[in-house]
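Chains as they are written, first to last, in the numbering used here: chain A, 83 to 511; chain B, 83 to 511.
Keep in mind that the hints were calculated from the coordinates and are not lab data.
Heads up, none of these hints are tricks.
You can't tell identical chains apart in this list, so a pair holds if it fits in one copy or across any two.
Derived BS3-like pairs: lysine-lysine, alpha-carbon spacing no greater than 30 Å straight-line:
id, residue 1, residue 2
1, Lys143, Lys407
2, Lys248, Lys506
3, Lys143, Lys506
4, Lys276, Lys385
5, Lys311, Lys259
6, Lys276, Lys143
Protein chains: 2
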Amino acid sequence: MKLWTGLLAGAALAIIGTGVMAQNARPPAPANAAPERQRPAGPPPNTLGDGPWDVQGWDAKLHVEVVTKGLDHPWGMAFLPDGGILVTERPGRLRLIRNGVLDPQPIEGLPTIYATGISGLTDIVLDPNFASNHLIYISYSKPAPDTPPGTNPAQTDATLAVMRAKWDGAHKLTEVKDILVADAWYGKPPLPEKCCGQGPASGSFGGRLALDGEGHLFVTSGDRNFGEKVQDPSNHFGKILRINLDGTPAKDNPFAGRAGYKADIWSTGHRNQLGLFYDAPTGRLWETEFGPRGGDEINLITKGGNYGWIDVTQGNHYNNEPSHKGIRGVAGYIDPVWAFPPSGNPGNVAIYRGKLFPQWQGDLLVVNMSRPPALIRMKLSPEGHVVASESLLTNLNQRLRDVRVGPDGAIYILTDETAGAVLKITPGS
Amino acid sequence: MKLWTGLLAGAALAIIGTGVMAQNARPPAPANAAPERQRPAGPPPNTLGDGPWDVQGWDAKLHVEVVTKGLDHPWGMAFLPDGGILVTERPGRLRLIRNGVLDPQPIEGLPTIYATGISGLTDIVLDPNFASNHLIYISYSKPAPDTPPGTNPAQTDATLAVMRAKWDGAHKLTEVKDILVADAWYGKPPLPEKCCGQGPASGSFGGRLALDGEGHLFVTSGDRNFGEKVQDPSNHFGKILRINLDGTPAKDNPFAGRAGYKADIWSTGHRNQLGLFYDAPTGRLWETEFGPRGGDEINLITKGGNYGWIDVTQGNHYNNEPSHKGIRGVAGYIDPVWAFPPSGNPGNVAIYRGKLFPQWQGDLLVVNMSRPPALIRMKLSPEGHVVASESLLTNLNQRLRDVRVGPDGAIYILTDETAGAVLKITPGS
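Just chain A, same shape as in the assembly (with noise of 0.2 Å):
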């Protein structure tokens, strides 16, 4: 793929340059279109201040502080083994915290990236092997080839796809190459007329990476506003993929040699699934999603299992229009574990299972964009449904997009902010 090394130093590669042209190049919205969630109306956000912030939860208290601020819609973020912190910014930088100071030179080497409205360079995971082989695989938003520069972003097609690099350790990545491209080549007009008030094709690309410590890496694959194509086995628009670490599809799939499938899938009928965990003790992979107007979801995915969209819906499509098959309870589908009303715009997930926090061993932890987003804790049965929820930070007014537990239990945040920053949550006193 082309690399835009003109524009390396410290710029996002972007099909169009900088992310302020993207956004003066896009068409008007059609009518009836959905809004991209990006930033509802209403009073500009907070600033963050510099912490901490002592915080009473129900059966804890919380230290929250600042790691670090200077990350423009950080997105997704892998511990490293020396105690550093890579971290993904959406418009197209691969950054890097060390001891606890990010480092202002981004690391070079990224492939092209479509990073337009909520679309770009998204999730990292860490080779099971890194300590060795220094590799990384990094999700984004991926134009089509010899797209010229300059194109606007709503004339190309686009989809998701995974790239694989080796990273040295400073500034540079090598052997970067695509490990996966998802079969969601979509967006070049002419499109075709679409139910429901859909949005526009820039957005829902999913992108969030699980590893299952046993070789296998999940990929979420959104439905690109397209939402007629997910129940369609044959492509990848509202999946989740399940692969080898050299992109084929992993064994024992569940459509494996089924014609008419996808081999790599291992779950359909979703949206836009921007959190994804793969919780080894109990071997159960979590995944947040969002519905149109309402109806966000957190879903427990099974093996094979189709979660509806986007024939059944919790939410109500942005036409008003009726879920076509159903709200909750249709045969063949499987209902979220929990539905946001009326919103709930959630982030990434996690199980929490660090050494910190006793009180909240195996509770579900997910933040969201809302207003006033929040760190949202769930108590959960044995068999895996809600019991209990506080939601918490909603003090910072800050969209808050990832949430992960470091490898020394504390919990580690994104916020999903143009002046983005780490946040580091540890028992208070």
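Using the hints, position chain B against chain A.
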């Protein structure tokens, strides 16, 4: 029992006379005693406006109106065949609403009520054959018989009782008889030492009533803030009872014939259960109860179930003593379907099966007395787990005590305020 006839005309029949005298007569709370949670510290409550209010819910528009004001801590209500409503007032009055108008003259004939703090006249149900026999059942806090008038309520024993009475349809009760006097007499000093910073004996009577449609009455009998008594099956502290309408233990109760067990016990391990609803189509008995500090619960009550109090709770004891046997998942004790952190102060509960809100069919409704108080609507999975939750009516900032689905499919709510009211919710436009 004595009828304080001299006080009949429009006054509360309380052991101490008026509510004011009761408050003045109470001794100061012991150090570290639990607050009665009658009214949390903070700004004075909002005055209820005149309405109506139009509220946009997740998937329904609500029209909220005031049926009547002028009630003092209304606690329970029953819908009459002619469209009227009988309402209890906690200080000790029974009132009638007819044609949407509150009859200024209370119904006379009640026995002596132990009305102090959060105790008094509580719930009401109509006999299944009320249309012909005019019988009603009312729960109340009952003082020890022959207690001289003017006795400080903190100096007397009291218990939960259920009376049956015949109502003439106007202002008179006759044939008033206790069908149940709970074996939970308690309160007269000297009181034993208690663990856990528990509150005064004048609280935690329970008092909710629910008919099962087969001639049986469920009754919640609270722990009286003497939780050490609850796990003992030979008394009525912290139990749910199932009795016939003559007060005898119902047939097929779980501990019938077992030595050392009260035959009318249906379930045990409860604290202060202020919500109860029997859902005939599913046969499910839903309950709410307060935890100590936090850990308020929604429970699905099963025959013979042990709900854990005082040994298992998700709340914190008032003196910060750790929970004796655990928080959740303790063998032999049933966890709540839902726990409210930080606290939920739940009142009554209902399952919506009316005809006015099709999107709410089968959903659970619970009201609460938190700040701000809410009508909470929860969607349930087929197995009875909560899968979504929304909070409504917080704009009114009125503590909410009772919620019922009327025969007309409207939702009726009682506010737990000195300036109390009946609210009615129908679909908005």
